[in-house]
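J.: Listed below are the residues making up each chain.
Protein chains: 2
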Amino acid sequence: MYKLHAFAQSGNCYKVALALDVLGQPWEPVFIDFFGGQIRSVQYRESVNELGEAPVLDDGVLRLTQSGVILTHLAHQHGRFGGGAEAQQREVLRWLLYDNHKFTSYFATYRFMYSLADAAPVPAVMDFLHARFSTAFAVVDKHLQHSAFIVGDAPTIADFSMCGYLFYPVEESGVDVRPKYPAIGRWLQRIQALPGWRGPYECLPGERIAPRPRS
Amino acid sequence: MYKLHAFAQSGNCYKVALALDVLGQPWEPVFIDFFGGQIRSVQYRESVNELGEAPVLDDGVLRLTQSGVILTHLAHQHGRFGGGAEAQQREVLRWLLYDNHKFTSYFATYRFMYSLADAAPVPAVMDFLHARFSTAFAVVDKHLQHSAFIVGDAPTIADFSMCGYLFYPVEESGVDVRPKYPAIGRWLQRIQALPGWRGPYECLPGERIAPRPRS
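Here the protein sequences come in this chain order: A and B. Under our numbering, think of the first position of the first sequence as 1, with each following residue one higher. Under our numbering, think of the first position of the second sequence as 1, with each following residue one higher.
A few of these clues could be false.
[As the list claims (entries may be wrong)] Examples of chain A residues toward chain B, derived with CB under 7 angstroms:
#1 R90
#2 R94
#3 N100
Calculated from the structure, these hints are not laboratory results. Fair warning: this is a prediction, and the values are worked out from it, not measured in the lab. Every residue gets a Cβ at the ideal spot worked out from N, C-alpha and C, and that includes glycine.
Construct the complete structure from the given sequences, taking the supplied hints into account.
T.: Written out as structure tokens, the structure is:
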């Protein structure tokens with residue numbers, strides 16, 4: 001059985017949990033105490049993941065890190081959600097890279113600073129990140145106006161990767177994505193309708209984030 | 001013959017140019033007038049790349065975008081630099097994703113704001129990006145203390161991706177990477193020694209960036 005080292009507040013962890021659920025694979029979460037400093041520890045970096053990142057997936061044989069690598073591995077292993085022909089597989093990779101580079105990355109960092117970081121957000125940095133993820137969201141919204149899923153008319157791991165941070169409560173980021181980007185909203189509904197779908201706080205250990213007091 | 005739509009100031013373009021050179025493949029650059037607004041144009045987004053990114057590679061049959069996708073395609077096509085066994089291929093993908101997420105991304109944005117953007121850099125944003133790429137540089141420097149190349153003892157496309165922004169003149173970013181991260185410095189020397197290596201301004205069209213006047 002798969003063991004997924006993860007915590008619910010991480011959309012990168014949730015991406016993999018969602019893939020396992022939609023694949024119908026039994027799996028077991030192993031809680032990573034991110035807020036207790038587990039990922040920053042020397043032990044974690046030396047013996048689990050030198051990149052200091054979650055999630056980590058044990059499949060009984062391999063221990064894998066980086067959500068995009070894990071998703072690619074799961075797609076190969078089960079022959080599902082990897083894209084059919086070679087051209088589609090390249091598209092899946094292209095969107096996985098775009099997600100890591102510009103879509104998840106800026107939004108996840110924004111949300112982290114908005115509600116999770118110890119320090120209060122720095123307005124200039126928040127403005128910078130907001131402008132960056134807004135550009136990426138507009139690109140993706142435009143793309144989804146003509147495509148049911150990220151690559152063609154069936155879900156792939158590119159969808160699981162890109163939706164990862166968009167199923168969290170609005171108050172965790174202060175950004176209500178669905179009304180502003182309606183094609184993204186409809187796409188999230190399609191993902192949510194996939195058999196096996198659960199939200200991050202339903203499938204992974206960890207508490208919903210209490211809103212930071214705001215002046 | 002390959003046609004690479006690119007411009008010299010873009011490390012993402014240079015990553016692919018370098019791979020073609022080290023593969024010993026003949027190729028021809030097609031200048032993208034980034035600073036004249038070509039990539040921001042509707043025409044470019046609608047008919048070349050909806051993500052609004054460079055480079056683009058035409059190989060006679062396919063038109064490919066996103067440096068990581070192009071590098072992966074070239075590695076498959078020529079059976080070189082993709083990593084040998086499956087475990088190595090996964091490592092290559094892991095570092096390509098890490099590069100897009102945290103290594104190139106933060107440093108390239110920092111350099112862009114330092115010397116290329118129209119607007120003067122915002123100190124808080126520069127501090128944020130500096131902290132982020134410094135963390136990533138430290139991770140990679142540590143990794144390279146025990147490894148000649150990013151994945152094992154031979155170069156792969158992960159190296160070509162990650163080194164892309166590190167062969168530009170120091171004054172373009174104000175960051176002298178080599179003395180601060182000696183293992184990265186030695187790795188860059190190893191890459192520079194590969195047959196076929198050329199610097200970005202030697203292989204791609206585009207002028208070296210004039211330093212921004214500083215107070």
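J.: Go through the numbered hints given earlier and state which of them the structure violates, listing their numbers in rising order.
T.: none
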